Structures are given as structure tokens and as C-alpha cells.
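Participant: In case you want the letters, here they are:
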Amino acid sequence: MIFWFVASLLAVGAALVILIPAQRARRADFAAEDSLSADMAVYKDQIDELDRDLARGLIEPETAGEARIEIARRLLGVDELLKSRSSANKGMSRYATALIQGAALLFIPVASIVLYLFLGVPGAEDQPLQARLNVPSQDQSLDVLIARVEQHLADNPNDGQGWDILAPVYMRIADPARAATAYAKAASLLGSTYQREIGYGEALLAIDQGIVNDEARAAFERANRLDPEAVKPRFYLAEALTQEGRVEEARTAWRRLLEDAQEGAGWVEVARTRLAELQGGELATDAPGPTAADVSAASNMTEADRAAMIEGMVAGLSERLTTEGGGLQEWTRLIRAYVVLKRPEDAQAALEKAKNSFKDESTAIAQLEALGRELGLSVSQ
Amino acid sequence: MIAELGHFALILAFVMALVQSVLPMLGAVKRDARLMAIARPVSIHMFLMVGLSFAALTYSYLVSDFSVANVVQNSFSQKPLIYKISGVWGNHEGSVLLWVLILVFFGALVGAFGSNLPAPLRAATLAVQAWVVSGFLLFILATSNPFERQLPAPIEGNGLNPILQDIGLAIHPPLLYIGYVGFSITFSFAVAALILGRLDAAWARWVRPWTLLAWVFLTLGISMGSYWAYYELGWGGWWFWDPVENASLMPWLSGTALLHSALVMEKRDALKVWTVLLAIITFSLSMLGTFLVRSGVLTSVHAFATDPQRGVFILVLLCLFIGGSLSLFAWRAPLLKQGGIFAPISREGALVFNNLFLTAATASVFVGTLYPLALDAFDGTKISVGAPFFNLTFGPLMVPLLLVIPFGQSMAWKRGDLLAVAQRLYAAMALALVLALVMLWSWGADNILAALGVGLAVWVMAGSVSELWSRGKFSSVGPLKGIRRIVGLPGSAWGTAVAHFGVGVTVLGIVSATAFQTEVVLTMKPGQSVDVGSYQVTFDGLSPATGPNYIEDIGRFTVRKAGVVAGTMTPSKRVYEASRMPTTEAGIMTSGVSQLYLALGEIHQDGSLDIRAYFKPLVLLIWLGCVVMAIGGGLSIMDRRLRVGAPTPSRRRQTSSSGTAGTSTSGAGTSTGAGS
Chain G
1 MIFWFVASLL AVGAALVILI PAQRARRADF AAEDSLSADM AVYKDQIDEL
51 DRDLARGLIE PETAGEARIE IARRLLGVDE LLKSRSSANK GMSRYATALI
101 QGAALLFIPV ASIVLYLFLG VPGAEDQPLQ ARLNVPSQDQ SLDVLIARVE
151 QHLADNPNDG QGWDILAPVY MRIADPARAA TAYAKAASLL GSTYQREIGY
201 GEALLAIDQG IVNDEARAAF ERANRLDPEA VKPRFYLAEA LTQEGRVEEA
251 RTAWRRLLED AQEGAGWVEV ARTRLAELQG GELATDAPGP TAADVSAASN
301 MTEADRAAMI EGMVAGLSER LTTEGGGLQE WTRLIRAYVV LKRPEDAQAA
351 LEKAKNSFKD ESTAIAQLEA LGRELGLSVS Q
Chain D
382 MIAELGHFAL ILAFVMALVQ SVLPMLGAVK RDARLMAIAR PVSIHMFLMV
432 GLSFAALTYS YLVSDFSVAN VVQNSFSQKP LIYKISGVWG NHEGSVLLWV
482 LILVFFGALV GAFGSNLPAP LRAATLAVQA WVVSGFLLFI LATSNPFERQ
532 LPAPIEGNGL NPILQDIGLA IHPPLLYIGY VGFSITFSFA VAALILGRLD
582 AAWARWVRPW TLLAWVFLTL GISMGSYWAY YELGWGGWWF WDPVENASLM
632 PWLSGTALLH SALVMEKRDA LKVWTVLLAI ITFSLSMLGT FLVRSGVLTS
682 VHAFATDPQR GVFILVLLCL FIGGSLSLFA WRAPLLKQGG IFAPISREGA
732 LVFNNLFLTA ATASVFVGTL YPLALDAFDG TKISVGAPFF NLTFGPLMVP
782 LLLVIPFGQS MAWKRGDLLA VAQRLYAAMA LALVLALVML WSWGADNILA
832 ALGVGLAVWV MAGSVSELWS RGKFSSVGPL KGIRRIVGLP GSAWGTAVAH
882 FGVGVTVLGI VSATAFQTEV VLTMKPGQSV DVGSYQVTFD GLSPATGPNY
932 IEDIGRFTVR KAGVVAGTMT PSKRVYEASR MPTTEAGIMT SGVSQLYLAL
982 GEIHQDGSLD IRAYFKPLVL LIWLGCVVMA IGGGLSIMDR RLRVGAPTPS
1032 RRRQTSSSGT AGTSTSGAGT STGAGS
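Sequence order for the protein chains is G and D.
The letter at position 295 of the first sequence is residue 295 when you use this note's numbering, and the numbering goes up by one with no holes.
Position in the second sequence (first residue = 1) + 381 = this note's numbering.
Read the hints as simulated data drawn from the structure, not as lab findings.
Note that this is a predicted model, so its numbers are computed, not measured.
C-beta atoms are modelled at their ideal positions from N, C-alpha and C, and glycine is treated no differently.
Misleading hints may appear alongside valid ones.
[Unchecked claim] Covered stretches of chain G (in silico footprint by chain D; criterion: 3 or more residues with CB under 8 Å from a CB of chain D, positions within the stretch not fixed):
id, stretch
1, 106-119
2, 318-328
[As the list claims (entries may be wrong)] Across the chosen pairs, the derived CB separations fall in these ranges:
id, chain 1, residue 1, chain 2, residue 2, range
3, D, V693, G, L189, 51 to 61 Å
4, G, A154, D, V693, 39 to 49 Å
5, G, G13, D, L519, 46 to 56 Å
6, D, P777, G, G13, 52 to 62 Å
7, G, L145, D, L519, 49 to 59 Å
8, D, T939, G, L189, 29 to 39 Å
9, G, W267, D, V693, 53 to 63 Å
[Claimed, not checked] Partner residues are not named here, just some residues of chain G that face chain D (Cβ under 8 Å, in silico):
id, residue
10, L10
11, A14
12, V17
13, A22
14, R74
15, I100
16, P122
17, A124
18, E125
19, D126
20, L129
21, Q130
22, D143
Turn these sequences into a full structure, and let the hints steer you where they fit.
Facilitator: Laid out in C-alpha cells, this is it:
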């Protein structure tokens, strides 16, 4: 309501700005506005200025004389023009009135309001952040609550408790990057605990879409030290070994994990599948690591289906690495996968591509060549 | 409600601009006083409306109102206050709104202070200005509306491009825009004059101060932007011939030409048609610059808008305004009366020379900037035109221009005496030659171009000093009176000398920083030292730190000169939390006007890091010179007197020598004539 009141005030103001001066101009002396006379006025001002400069001694008399002649020449020109153009201009009084009133009273209000209704969001209130955050807690949505804690932490960045509270919430709203930061901050402020390390590792895992990178692995190792019995770190460490293609160690890790397993736990099935794959000489072949769901799906398939699924994943990985490039770990996985799938030519080709994409990094090349030798591929240049 | 009111005010301003585009122009052509009378108040009211809407948007940024889409996309609740404000124009929508705000501000200035303008000229000028305003407001409302709402509102924004999160951003665009848009006034005056079919004397009077005002801001804006790129982008360079920079350089070059030709027009009533054309070209180049940056045609840090729809829209606007005004020029210019004749060797002649070279330089930048784009558009070939092209085209064009500056400013109007001028410049010439020879001797023949460059810079500076000095006429009036004469010189004389001196200063900085800089690129381990110029830089170590909205790695360096610690430097690499984007903050140590410059490259696992270190002698002069130029422009604006250029009385020896007090002597010094 207030909005429409103020808006109409603005529109009325705009109309008046047009109506009033036009009304006044009707009575004004029109002839005085002629531009030729304005020229004359300028030249006369110039002559006055010249006289003042001369009186103040800023210029020399001769120069003043020359300048005066110059101005007089221009003045004469205007004078001739004035005489030659004596016919008086007639205003367009009849149309002018209609035009001005139409513009002020009709066009401006109607056009502005119609355009606004078309473009604007009438009635939409402002939503300043502070006001939104000050609403009582039970009425607030999750993201407002998060924002409140965030604001508190921005003012007290050393409040580890706050980070502890936020970190799992971030995981829940699928924001692993912030969760990782929060876990790390909590750990650095309040010290390392099993919960913080495992949370940090899982967040990194989520960021990297299932790949256990070095940092995540270090976190799981710390968690494992803090609670050697806990299943999660051991599970992820076994997964890391599997992903790296360290078959023997991975096999041992899975086996040990399964020894302590309680029947019926959700992860047991995954662990078994992994172990079975490893023992069958197969490797987890896709880069972003098959999710638990994928794996459990795979275990229910026929042999042919499974082969097709693995082929599909390898093809996807190969496609991605060729077009977008990737890390050494991923290339290694691809090469190994081809060997496992008994496609040595593809393995050879992938090795060449990998070497090509790391041609500036001698350590990577050395690792790739070692891998090639291990798998019986040709490594000559 | 405030956001919606801002939106309504913007729409109202657009509707008023439409009215303003038609009625006053009709009044000016048909000589109807009432239709013309609405122009002034409407121009002021439009400014108030756009101002209101800009204030509303600023308010939304200040209170982090994330129901406004523009705030969501470009702000962040934890952002420091100053960047909340500067964030308003740190994005596409806001910056176009700022552009229009300045446009209507200039219109309002004409409305408020234009009482001594002839009514038809004033009405027509304001109407033309309103055409431009309508065009750009339509652009905002149709494709880039900053008041678009996002409901339901998210709880946090996406942050501001970290490169732009800098004090440079807070100042650079407004200065640049005042410069760009300031030329709109001379453009509107020119188009109005073409439509009305005559150039009033008042036109000539008005063009110079408006051009100067825009030029001063553009000069400051460009040099600011250059310094900003120098310390923020971490490449150690200060001018990259980047299309965005060129986009601002082109209107500056033609604007410089314009203000010199406006001088001739004001004083001698000559070069009128040429001035009209330059006024049109200059603002067209300003709009082209806006188009290049805003359309996303260029991929560069500045081009934060990448949206083909907008691009096409601005392109159409551009064709309409530039094509329309140039056709109008072709059609109406023959009607305009030419006036004022002059000999080739005269102040006017020198200014024509200046205009020729400046427009040629503009053309070379224009070709270098647009040719690759055109090629890309026609057959998809991507070429890049870089520094080598511009060094070969732009550089040689500047040399004769600089050579002539001292002659030009000492020359008399209408018919000058080259020999007499050369005599007065002997001292400056000698100084420049001696310095060039000294440079050549101390740096060897390899640096012959650098030595010549130094000579050229000194020549321009000394020429300006000598011009002021000779106006003092110390030999004939004695030291005291001479000083009083110099102090009492009109603002425009001081302005000319100071601005030209600034040109020399900038040239000196450019030559020195380019030819004599030392560059070292290496990987350093903590504790390691390296020699950069006469300095020894030791890398002490790397330490992490946390800023208000970023985390950074700060490299600590100790700088020694001849074994004595001269200071520490802390260049850093930042990662902004909201966007996870890394930026470089160069470490700069200033001694005098020279600088030691350190930028961090990649940080390695073992604690060593890549650095680039430069010693740039006299580099600060590049920007100081620009500031001096701008001060010169300011001095010249202050000179509000009416000016007429009168020729020196020819072949008439002055007779009165010592006689009357105050009126002093000598013909040569009166080059600028009455009330110069």
C-alpha cells in the first residue's frame, strides 16, 4: 500500500515537472530566446571581457585591438544573418498543448505503471538478511539456522564447538566442500578425534566422488589409530588399496575386515564383493569408484551383464581421460583395467596416451614405465 | 518495498526519457517555447529518478537483501562494507546502471547550468541526450534488470569475483565512466547543432570545458586501471594492449584530439565541422568501448557479462547511434558555415597536426583491436594482435606528435614564426640533446632508442617549462615582476604547460621502465637470495594467513641494498572462500619513483616457490605523469573566461617598452592573444 502511494507520488511529480514549466513558458517572452540574439550576447560579453583584461593589464593594447576586430567580424556576420531571416517563427500552439498534456497526464502515468506491472513484482517485500536471521528459531528453515551459525563463526572463528555442529549438517545438505573445511577447523581448534577425522575423510571422499585421495587416506589412517577397532576407517583404507591396484594388500585388508564382521551389517556385502573381485583377478575398474549400490547391483548380475557393465565403465573412463585428461592414478587404473579385460592393445595405447599427457613430468613417466613393465607392455619410446 | 520502488523509479525515468526525446526536439525545430521549456526540469528530474533507483540498489546490497537476484549473484553477507558498496557496480547490471546514472547526471548539469544557452540548442541537446538515455534504459529493462527478484530468497550470496574485490574496483569504473559518458554531452551538442543546421557561438564556448571535464576523468580512470592491473594481475606489466584497455584508450585519443580542435574552434572560429565530427567519433568510441566490455565479445577479466542477447542488443543500439549520427553528419555538415582562415605555420596549424596524428593513432588502435574480432566473426580464424603491432604503429605516430608539442604551444595564432619559436626553445632543445647523449654514453649504443626516448621526454618537459618561463619575460621586466607575471598567467596557459609537462613525465616513465628494467624469474628456497637491479632479495619463508574473506599464503622477503636492510616485502597468493578462486597480490616496494616488484608463482611441496621479480626504475612516473596531465586539464577548466584568439600584430615592432605600468611588452609572448 505504501509502495503504491509513494509510486504514485513519483508519477505525479513527473507529470508536474512537465506541466508547470510549459504553463510558465506560455507567458514568457519568446523573442528573447532566439539563438542569433544569444550569439550576439556572447560576442558582447567577449568584448566586455576584453576590456576588463586590457584594464587589468593582462593583454597588450595591440592584441586587444586585433581581438576586437576579430569579434566585430563575427558580430557582423550574425547581424547579416539576423536581417536576412526576418520572418518570425510561429509556434505550434494548438498541437503543443495537446502534446504536453497528453504526455504528462496520460503517457507518463499509464506507461510507467503498465511497464512496472509487466516487469516488477508488485508487493514483494525487502528481505534484509539480518531481519531474516532474527526470526525465532522454531520458525526458521534449516538454511537460515545454518546461516546463523555461520554468522556467529564469522565473528568467532575460533569457536571449535560451532564448527563441530556445522560440519555434519553440511554433509547432510550435500555440501562436502564446506563440511571438509568445518571438520578441519574443528580438528585444528579442539584437537583430533575419531569423529572429526572420519568426518573429514568422508567429506573429501564425497568431494572426489568416491576416490580415496592422499589427504582422505591420511585422515582415515589417523582415525584408524584413534580407534583401531572401528570399521569405517579400515573399510575405506581397504578401498584405497583396492583403488590403487595394490591387489595383495587390498585382499589382506578386506579379509581382515571380514573376519571381524558382524553378520548383517550393510558394508559386509560390499566388502565381500570387493574381495571376490580381487580374488577373481578383477579390479574395480572405473575411476570414480563404483558406489556401494553399483557393486551390489553387480553382484546380482549374470556374468555377461557384469562384463558389459565393467566394459561400459572402462569405456567411460577412457573417454573422459582422453577428452579432459586426468591424474596419474586414473590412467594407471585404466591401463590395469585393460590388462584385466585382456585387451593388451588398448592397454598399450592407453599407456602411450598417458605418457604423452605427462610428457613434462619425468617422475610420472618413470612410474608409468614401471607399470608397463610390470604388466608386460612395451615401454620403449 | 525499497527494491520495488527503485525498479519503479527506473521505469519512470525511462518513460520520461521517451517524452524528453520527442517534445523538446519538436519544440526546437518548430520554435515552440512551451515544448522547449520542459527540457531543463525533466533532465533534472530524470537524474533524481535514476539516482533514487541507484540508491535503492545500493541499499539492497548494504542489507544483503538476497531476494534481489543481482545481490545474490554478486554479493556475500560476510563481505567488507566497502566491497558491498563497490559491488553495486562490480557486475554487469549495476555497472550499466551506473553508466546511465552518469549519463543523466551530465544531462542534469546542462539543464541546471545551461541558462546562457540559446533555448533551441539547449532543448535539442537535452533531447539528443535523452535518446541515448532511453536507449540504454531500454537495454537495462529488457536484458539486464538489476531489480529482478529471486523468490524465495536464498540465505547466502555467491560472492564477488575476487579479482574485482579490491579498492581499485571501487574507484576505477566510476572514473572511467565519468570520462566515457562525459563525452556524451559534446556528442549531444554536435548532433543538436547538425539537426538545427547551425553552430551557435555558444556551442563553441561549451564544447571545450565539457570535453576537458570528461578528458580529465578518463585520464585518471585509465591510469588508475593501468596501475590496478599492474599490482593486481601480477604480470609486472602496466599496459597489455588488452582489448578492454584499448577500448578506453580510443576515446581518450580522439577526446584529446577533440579538446585541441575545440580550442581552435573556440578561439578562432575555425575547424568547426571537424570538431563536430570528432565529437561524434569520440562518444561513438566510448559507446563502442562499453559494447566491447559489456557484450562479452572479449574474454578478459573485465568482461563479466557473457550473454549473446545483451551483445546483440548493444550492437543494435550502437549501430543506431553511431550510424545515425554519422549519416546525419554527412547530410547536414555541408550546411554548416566554415570560418577562420590560418597559415600552415601557426598555432592552428600545429593543432591540426596534433589532430592528424591523434586520429591516426586512434585508427591504429581501432584496427588492432577490432580486426581480430572481425576476422574471428567472419571465418573463425583466431589471431591475436599484441604489443608488437602497436609498438610498430602506435609508437611511431606518437614520436612526431611529442616532437611538435613544444613548438605548438609556443606558436602564435593565425600566423606563427617558426624561427622565433625555435629560438625561444633553444635551451629546452639543448637540455634534451645533452641528456640523450649522456644516456647514450652511459648505456651504450644498444640502447639508442631508450636514449632518444629520454631525450624526447625531456624535450617535452623542458619545452613546457620554457613556455612558462618566456611568458615571464624576465629579461625585460626583471625577476620580481617576471614571477608575478608567471603566477598571474591565465589558467589555460598554466593548464597547457602543466598537461604537456605531464605528457613528458609519463613518456619518461615509460621509456625508463621499459628499457632499463631488470627481470628475474626463478624458483627460490627459503634462505636463498637473488640480485634484482641494485637490490638483494632474500626469501625468508612462506606463512599462511586468514583475511576477512580469504585465506592466503604470504611470502616473506627481506630486501637489502648494499648489504643494508631496505625493507621487507610480502607478496601473497589468495584464495577467496566464497568462490575458491586464487588471485595474486604483488609485493611492491617503492623507493623514490622506482619500484621493486615481486609476484609469487607456483608454490612447491618442498617449500620452495617460483617468483618473478622486477626492478622498474622511474615506473611511478607513468601514472604520476597522468595525474599531472589531469591537473593541467583541471587548471584549464577553471579558466572560465571567454576566449578569443587574436593573431600577433604582423611585422609591427612594438613601440612602448618600459612606459605604462602593468601593460607589458613584446609581441612574441602574446601568442594566445586576448585573455588566452
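Participant: For every hint, state whether the structure bears it out.
Facilitator: Evaluated hints:
1. 106-119: holds (count 7)
2. 318-328: violated (count 0)
3. D:V693 - G:L189: 51 to 61 Å: At roughly 53 Å between Cβ atoms, G:L189 and D:V693 fall inside 51 to 61 Å, so the hint holds.
4. G:A154 - D:V693: 39 to 49 Å: holds, 42 Å
5. G:G13 - D:L519: 46 to 56 Å: violated, 22 Å
6. D:P777 - G:G13: 52 to 62 Å: holds, 57 Å
7. G:L145 - D:L519: 49 to 59 Å: Violated - the Cβ-Cβ distance for G:L145 and D:L519, about 43 Å, lies outside 49 to 59 Å.
8. D:T939 - G:L189: 29 to 39 Å: Check passed, 32 Å falls within 29 to 39 Å.
9. G:W267 - D:V693: 53 to 63 Å: holds, 56 Å
10. L10: Holds. Min distance 6 Å.
11. A14: With a closest approach of 6 Å, the G:A14 hint holds.
12. V17: holds, 4 Å
13. A22: Interface hint status for G:A22: holds (4 Å vs cutoff 8 Å).
14. R74: holds, 6 Å
15. I100: holds, 6 Å
16. P122: holds, 7 Å
17. A124: Interface hint status for G:A124: holds (5 Å vs cutoff 8 Å).
18. E125: holds, 6 Å
19. D126: holds, 5 Å
20. L129: Cβ of G:L129 sits 4 Å from chain D, so the hint holds.
21. Q130: holds, 7 Å
22. D143: holds, 4 Å
When the structure is compared with the earlier hints, violations turn up for hints 2, 5, 7 and for no others.
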